[in-house]
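Student: These are the residues of each chain, in order.
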Amino acid sequence: MPRFPKPWTKKRGKRQSGYALGGIAGEAVFYASLFFVGVFALSTVLIAWFVPERALNVSSQTLSSSLSYWVFGVLSIALILSGVGGLLYRLSAISTSHERRLSGQSILGPGADAESKLPSIPQGRMLTDSPGERLTYRLAMQKPENSGIFGAALLALLWSTVWFVLLAVVVSGFFYNRPRYILTFLLIPLGGIAYWAFRSFIVQLRRIAGIGATIVEIGDHPLMPGESYRVYICQMGRLRLRRMKIILCCEEQTFYRQGTDVRVEKHEAFTQVILNQRDVVLDPQAPWEQQLSFDLPENIMHSFVGSHNAIRWKIIVSGESRPWPSFCRSFPVIVHPPGLPPNRSPR
Amino acid sequence: MNVSLCREDGTYEAGEQLKAKWRISRVSLEQLQGLEVSVLWHTEGKGDEDLHVHHFYRLGEAELQELGIDDLQAISCKLPLSPLSYHGHLIHLRWCIRLRLFVEGRREIVAEQPFHLVSCRGGIASNLTHRSPSQ
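Line by line, the protein sequences give chains S and E. All residue numbers for the first sequence refer to our numbering, where the first residue is 494 and numbers rise by one. All residue numbers for the second sequence refer to our numbering, where the first residue is 624 and numbers rise by one.
The shape of chain S in the complex, shown without the other chains (with noise of 0.2 Å):
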């Protein structure tokens, strides 16, 4: 007896029971039905907003207020989105292979090139293509702080703009003696919510506001296992530090399957102060600056990036502070193994 094909699969482990295709194929058909039922309420309510005498019996008493028009409008839209996006999605995964979706896409990122001399090594240029005022190279940041506040903005105006409509929906039905008691109660809820978002919002606003830039330069790039290097910290802003501490840190980084997770394990392999200073002021007039120097160990193990291991070397400067929210931020260097002839910069 022929055994149906199930339209999903599901996985087990590092094998998946059941078809690839079928899988594919069924969720495609998931998102085929997204799209129509948004296609036809989209319709509904259309046909109902602009000739409402040929609308259906259902939506006539549905859709009787103009809320009820958006609301619906609004969640037949992202259903056809969803049910477009989706299967754009599913679609392309039928033309390339997983594998070759796979190949070149390590899990740790952009990392070592195979065909250099040194193998499995990143080669970090994107870390010095930008010179220093003071030394030779200024150090990018790992990842800007101030990339996580447009997304507390964006949602913290989305979700107040949402609850000043339902704000003046509830009023106006007041009003015009039309009171919405169930929506009314929704809007404390809601108005929680919202406080919450904009609440995340400003104090991200006041750690980018309070915490200026912060400036890294090195004098040799890359760093080699028993030399000493120069290092520049500039700190601008304007606050009052408790403490401020610069570190080199080696960092392991683990990745690995749990079941369908992706599970990320880091640990400090090594960690060397360079500068561990009390009582800090920033001052918007005057950064702070320092120059400092340190000695790099020897038998230490170079920078590594796998497919799902890495070494990664990094200047850490962090400061903590009150009243305002402590900062942390990294600099990401390479360490070459010893005993190599050194890089020479043209600068």
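Be aware that one or more of the hints could be misleading.
[Unchecked claim] Straight-line alpha carbon distances no greater than 25 Å define the calculated DSS-like cross-link-like pairs of lysine-lysine that follow: (1) E:K642 x E:K701; (2) E:K669 x S:K610; (3) S:K807 x E:K669.
These aren't lab readings, by the way, just hints derived from the structure by calculation.
Keeping the supplied structure of chain S fixed, place chain E upon it in accordance with the hints.
Tutor: The following block gives chain E in isolation, referenced to the frame of chain S:
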């Protein structure tokens, strides 16, 4: 199968020539179907395994018959400059020579001979202690 390195301590400097010898024993020549010799590094530890083959060759059935199994066979390759052997907390990076023998009945026999790849100044990298400026 046994693999023996040309150095007793099994430590080689980056960029150096690796020389080793291998021999197959206790298997009749007629049973052999193929042999793969690889010089590779792989990671061990908490994360998923990374593996990279630096040097590889395969001997088919006819080549094995021609070589015979009585004599020691040599492997030689130039080692790369990186990655060096490492013993860390989450990650261990190990170099080895791996022999995979294919015998009758779709059976496979694997033998490994680990070695250390160290920097030109010597010393195996390991996770160090925390240091402060006073140290």
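Student: Against this structure, judge whether each hint is valid.
Tutor: Against the structure, the hints:
1. E:K642 x E:K701: 9 Å, holds
2. E:K669 x S:K610: 28 Å, violated
3. S:K807 x E:K669: At roughly 22 Å apart (the allowed maximum being 25 Å), K669 (chain E) and K807 (chain S) satisfy the hint.
Hint check: a violation occurs at hint 2 only; the rest are consistent with the structure.
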